[in-house]
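Colleague: Below are the chains, spelled out letter by letter.
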Amino acid sequence: MNTKIDNPSSLELDRRNFLKFGAAAGVSALATMQGTKGAFAQENVLRMLTEDTADVEVAWYQKVNQSFLEAHPGVDLQYQAMNTEAILQKITTGLAQNNPPDMVANWSQTRVAGMANLGLLDDMSDVVEAIGPDRYLSGYIDDFTFDGKVLGAPIQNNTFAYWYRTDIAAEVGAKEPTNWDELMTYAQKATRGSTYGIVLPAGNSGATSRKILEFIRQNGGNIIDEDLNVAIDSAINRETMAYMREIYRYSPAASLNYSFGDVLTNFVAGTAASCYYTGRAIQRTRDGSPENFKNMKGVTQPFSKQPYTYIEPRAAIIFKAARNRDMAKAWILEELFDPAKQIEWLLTSPGNSFSALSDVASDPRFTESPLIKERASDIEAMRPDTAVGGNFFRVSREHKQNFKGSLLDTGPILPTMLQRLLLDQDTPESALAWAQKEITDLYARTP
Amino acid sequence: MALTKKRRRENRLGLLFILPAAVVFFVIIAVPLFRGIMLAFYSVESFTLGTHFVGLANFAELLGDPDLYRALFLTLQYTGAGLILQIVVGVSFAMLLNQKFYGRALARSFATLPYLAPVVVSATLWKWLLDDTYGIVNYLLMSAGIIQRPIAWLADPRYAMWSSIAVEGWRVFPFVVIATLGRLQNIPRQLYDAARTDGASSWAIFWDITLPQLRSVLVITVFLRFVWNFNDYNTIALLTGGGPAGSTMTLPLLIHQLGFDTLELGMAAAVADLALVVLTMFFILYFWYAKPLEDKR
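Quick mapping for you: the protein sequence lines, in order, are chains A and B. Counting from 1, one number per residue, gives the positions in the first sequence under this note's numbering. Counting from 1001, one number per residue, gives the positions in the second sequence under this note's numbering.
Derived from the structure by calculation, the hints contain no laboratory data. Be a bit skeptical, because a hint or two may be false.
As the list claims (entries may be wrong) - Here's a subset of chain B near chain A, in silico, CB distances under 8 Å, partners left out: (1) E1045; (2) F1047; (3) L1049; (4) D1131; (5) T1133; (6) A1152; (7) D1156; (8) T1240; (9) G1241; (10) A1245; (11) G1246; (12) Q1257; (13) F1260; (14) T1262; (15) L1263.
What the hints assert, rightly or not - Chain B residues, not near chain A, derived (Cβ > 10 Å throughout): (16) A1030; (17) F1053; (18) L1076; (19) G1080; (20) V1089; (21) S1092; (22) L1096; (23) Y1102; (24) T1112; (25) P1114; (26) Q1185; (27) W1203; (28) K1291.
Heads up, the beta-carbon is just placed ideally off N, CA and C, and yes, glycines get one too.
All chains, full assembly: derive it from the sequences and hints.
Modeller: In structure tokens form, the structure reads like this:
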């Protein structure tokens, strides 16, 4: 006889025991969850994001993180390198849960400004004080000062040079491009066989938006004027759009899908005879195509009416809602602003970034490093302290700060406008009128 | 009476048993779903989540926007054409791999590789293969004299969506192969032997034996692939980012663009709600159609 089935009391007892066990297990689980939550909130967890995703940069982060962990036993350092869009997504969802990452190691001014404007960032005055304000090159601290508070610890800056092939210029009889006419001539003449004269981005990315800003400013126009009015639909910009439509004829058809990486790949591979890029082009071309490396030259961007390059200072930021701000500050000071380590980081891609600190910028370990020395004239063309330019947050020194600038940087309006123009779906007039309306509507909708 | 008491106790115990699952369902699915639906009625600041009730304004604006209808059309194109491609290629490969031939085990392993590779790897690989300047696809087509000039497969609005459909088809057809092959191996041989004895053609055998036997697997496969294709974000985002000029801007990409690029979470939620309505309509139609098939089994 199976008493456990036939005897109700026995069954009752088993159930009761089971429920007791279940209750105990539930309480234990809850206690564990509480414990986990507590551990998560403890001060030894440091969550850091960076958009420095190149292999050499990741290797640098891993190295300094190891050194940080050795100096701070018991710290749980959660480091993630990802692209800009992924970081934005991570921050958005983190903030929505009131649980953002502690810090972003190297974040652009336009995005820092957008977040500063919403009161999301922690005051970094003490960090900058510890670094030494006197060590900073002119303007950097101001770039990250909002309402009198320093909300980012400025680290570096970079600009975009125009890279072209001297061997091809000689072969086709084209001059070094210094203005738009010469640029068009070079692009036209260098387009032959399977080689395009230039490669330009027109995909749905910030690379395209920045390129449009550069062209518009180089011709004396505006997307947003000095007083922050939407001013893209103008006669001067119609000229610029007509010029852009023309010069894109000498860029691969796939440009409509290109972002930064594709541009550089084409230039390094030699399928395009020129491009706009930061100093990262130096190392990538040297490693990927030593023959082309010998014949490449970086110059300031050719312009029509005024010089202009996209300049975006970058800073380390900490979120106000971060759970471990002190540890984040310690990491920034000990790793990012240690001169030797920072130089090592700058040299992960020589000429791509320039330090915000005067002593680091002039440190012989940086200035005398082989590639920096070998490509001195290229480096000169990209020096942020002498370059004329700006970004979507601060288009120029005459422009007011535009805290909605990031909506144009990463948003779809400018790339879509260009794509419609290049695909002949729009004329310069209708493309600009469309963009004017879209930007005006977007700005009106956005707080 | 005692039995009723016992039944009540059992019912209570039953409720206790399903309570954890119900709580998990409520917390993980019901609450976020409800919150997501409600977000559409607010203007939401993405980073601070500051909200302002706007009623149906987000829907009104969206329904007057041609971009929404284009995104819906493109989503249905991507879903429908992708589904047909995946099922046809998947079933064909499964039938091929069900034949006896030397190296069959190896071929079966290779056939699953595209599905095992991370989507970012597959998409990047295809982006390179399809490039008009250095892509091997154009090189081969030009070498064979099929085309005279390179085609920007992912940058020309005429081809971008079809190229994305083809890449996604290549990536996920092994899922259909795996699902179908398992069923093919269990179809009784006697059915085929009897049909051949009766002089049935290969086509008749496929149509009258194989396909009906696969129906139960295909019902669920079509259902899953429809939902996954409809909601697919990764492949198109990595291949084209929704461009050029919006020619591959499906609903998931539009939702992402509104939520994370232009920081309009309320609008993004409104698009997501509309997508949910479309999917729900599909579920209803699908189960209305699939139920009689199941009943016949």
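Colleague: Each hint should be assessed against the structure and marked as holding or not.
Modeller: Status of the hints after comparison with the structure:
{"no.": "1", "hint": "E1045", "verdict": "5 Å, holds"}
{"no.": "2", "hint": "F1047", "verdict": "5 Å, holds"}
{"no.": "3", "hint": "L1049", "verdict": "5 Å, holds"}
{"no.": "4", "hint": "D1131", "verdict": "5 Å, holds"}
{"no.": "5", "hint": "T1133", "verdict": "4 Å, holds"}
{"no.": "6", "hint": "A1152", "verdict": "4 Å, holds"}
{"no.": "7", "hint": "D1156", "verdict": "7 Å, holds"}
{"no.": "8", "hint": "T1240", "verdict": "6 Å, holds"}
{"no.": "9", "hint": "G1241", "verdict": "4 Å, holds"}
{"no.": "10", "hint": "A1245", "verdict": "4 Å, holds"}
{"no.": "11", "hint": "G1246", "verdict": "6 Å, holds"}
{"no.": "12", "hint": "Q1257", "verdict": "6 Å, holds"}
{"no.": "13", "hint": "F1260", "verdict": "5 Å, holds"}
{"no.": "14", "hint": "T1262", "verdict": "5 Å, holds"}
{"no.": "15", "hint": "L1263", "verdict": "7 Å, holds"}
{"no.": "16", "hint": "A1030", "verdict": "18 Å, holds"}
{"no.": "17", "hint": "F1053", "verdict": "14 Å, holds"}
{"no.": "18", "hint": "L1076", "verdict": "21 Å, holds"}
{"no.": "19", "hint": "G1080", "verdict": "24 Å, holds"}
{"no.": "20", "hint": "V1089", "verdict": "25 Å, holds"}
{"no.": "21", "hint": "S1092", "verdict": "31 Å, holds"}
{"no.": "22", "hint": "L1096", "verdict": "34 Å, holds"}
{"no.": "23", "hint": "Y1102", "verdict": "41 Å, holds"}
{"no.": "24", "hint": "T1112", "verdict": "28 Å, holds"}
{"no.": "25", "hint": "P1114", "verdict": "22 Å, holds"}
{"no.": "26", "hint": "Q1185", "verdict": "41 Å, holds"}
{"no.": "27", "hint": "W1203", "verdict": "42 Å, holds"}
{"no.": "28", "hint": "K1291", "verdict": "37 Å, holds"}
Every hint, counting from the list given before, is met by this structure.
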